Amino acid sequence: MIVVDVILNGLMLGGLYALFGLGLSLIFGVMKIANIAHGEFAIGGAFLAIAAAIFLGAPLWLAVIGALILSFVIGFGLQLVLVNRVMGDDPVPALLMTFGLSIIIQNLLVELFGADNRSLDIGPLATAGIDLGPVSIGVFPLILFVVAIALFAALHWMLHHTKAGRNIRATSDDPDMVGMMGMERAHIFAIVMGVSAALAALAGIMLAMRGSITPFSGAERLLIAFEVIVIGGLGSIWGSLLGGLALGLVHVIALRLDPSSGPLYGHLLLLAILLLRPEGLAGRKAQR
Amino acid sequence: MMRILLALATAALIALPFFADRGTMFLAMEILVIIALAQAWNLPAGYGGLLSLGHHGFIGLGGYALYVLSRDLGLHVLVAIPAAGIVTGLLALAITPVLFRLRAVYFAVGMWVVAEIIRILVMRSDWLGGASGMPLAGARDIPRAWMLPTAYWLALATALGATVLVWGLMRSDFGLRLKALRDDEIAARSIGVAPNRVRLTVFVLSAAMTGMAGAVSYFSALFITPLGAFDIGWVVIIVFVTIIGGMGRLSGPFLGAALYFILREGLADFGNWYLIALGTSAVLAMLVLPGGLASLGDRFNFSKTKEQS
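Read top to bottom, the protein sequences are chains A and B. Under our numbering, the first residue of the first sequence is numbered 1, with each subsequent residue one higher. Under our numbering, the first residue of the second sequence is numbered 1, with each subsequent residue one higher.
Simulated from the structure, these hints should not be mistaken for laboratory data. Only a predicted model underlies this, so the values are computations on that prediction, with no experimental measurement involved.
Computed footprint of chain B on chain A, listed as stretches where at least three residues anywhere in the stretch have a Cβ under 8 Å from a Cβ of chain B:
#: 1; segment: 76 to 89
#: 2; segment: 105 to 113
#: 3; segment: 223 to 233
#: 4; segment: 263 to 270
Once the Cα atoms are required to be at most 20 Å apart in a straight line, the calculated SDA-like pairs of lysine to any residue come out as:
#: 5; chain 1: A; residue 1: LYS163; chain 2: A; residue 2: PHE76
#: 6; chain 1: A; residue 1: LYS32; chain 2: B; residue 2: ASP184
#: 7; chain 1: A; residue 1: LYS32; chain 2: B; residue 2: ARG101
Note that the Cβ used here is the ideal one computed from N, Cα and C, for glycine as well.
Model the full assembly from the supplied sequences, consistent with the hints where possible.
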């Protein structure tokens, strides 16, 4: 039964990991750049919610929605004002620009909130569990998992059934042609960065509800998000879900067998995938 | 004229321990280590387009290599420090079969993951002192009074050595091949440049220089811990110093390091604000001065040294 327990916990943690990867996957897919500040977007979004809930006394749902909207606006604005100016065939300037942004955000968080552990209190929900005979699962991890799956489905629907989604997919396929058809590429990029930032913020908020965060938690989240999309395979958002679940399983199993290993086996899984199956679990041959 | 000035400046730098106080020397040593690290990072990144966010792994490897060579093989520190650079280069060579499957952005972050793996392995190793680190066994190799001057001279030698090496490489045939690859890989291949061999060479050289600079830095510290030696903060400084100074330019690391230390010392009383200022400078440099401070010279056309890539 311990096996079932471990697998369930791994899958539920994997849902959260997948959510970290989802926003980054969107950026990679549409803009062909890496956002090194993705982890800081997640942690910064969580701190926005913490600031609203703790310092302004807003109810939790309002704090979360406010933080998500603000994260969208910040992502949108940063892309429009800064990152769009260094986008081109070479992905390196955008990588360095977002690296700069990540350090600025991280240290602003340290100056504003200090380096202490912080978390978002969700009351009795944090410890509630469902008894399923021999195993029991936490209610909150289950909610996390369901929310993550729902967001994947929602993004899929948005990309395939709305006008904005069609524009985003077209930009991903052929940005020059999209420009010629009279669409404002810079604007589409800004929307994508905003959505990615909001998704990251939601993942960060759920992380802060599940445990605790510090302003320095961003780097680890970036690496997890990166591993999720490489393990899953680039080019499809469902690959990210698969990658997240695989990484979550590996982390939970490793934690059980070798408690002091931390993220070691997740990192090794990444190297193993690169060696054995460079196109990722989802399997589409991709350029990298 | 230029040569005489350079010779005079070098002589003054060598003589510094005879008239400077300890604080000045410590700072000077730190500046030289950062310059050496930035030159080493700039070689694959600025001239070769092979950008790594995991060079802190090589700093830690170099530092630990020095400590192990000194403790377990009893090597004199003056031998162990260059040897630490060589060990780091060889270990870098060993990871290239995996890493060189990645390109551009994936390579950059993949290097970071590798550095994390090394850090965790070191932290779990009792042989390397685990999470609490270890002291330098060879601290007695150099008389106490000469420790700081020796560390300073080693840092000076590493910084100047790295600069001369990069300068020499870029004037050679090899440098041309490297730049050709960065600018247009397909065209470079078509005229017979072997991409992976060229990239491998600069990557291993860069790792070796980084490892040696790490060894020098941790020689002066006399104690090494995994959290400090494998801190991503090293990469933050190296990358920003190089972007602000000028990627792919020999004078870039010098100018960037100057700005970094001015910001850090000037804002010493304001916590982490110097890092925010540094990040902002890097972002601004990307926007308005993509060639870094080193390109200001060409802009006003009074640069005599044609080191531009």
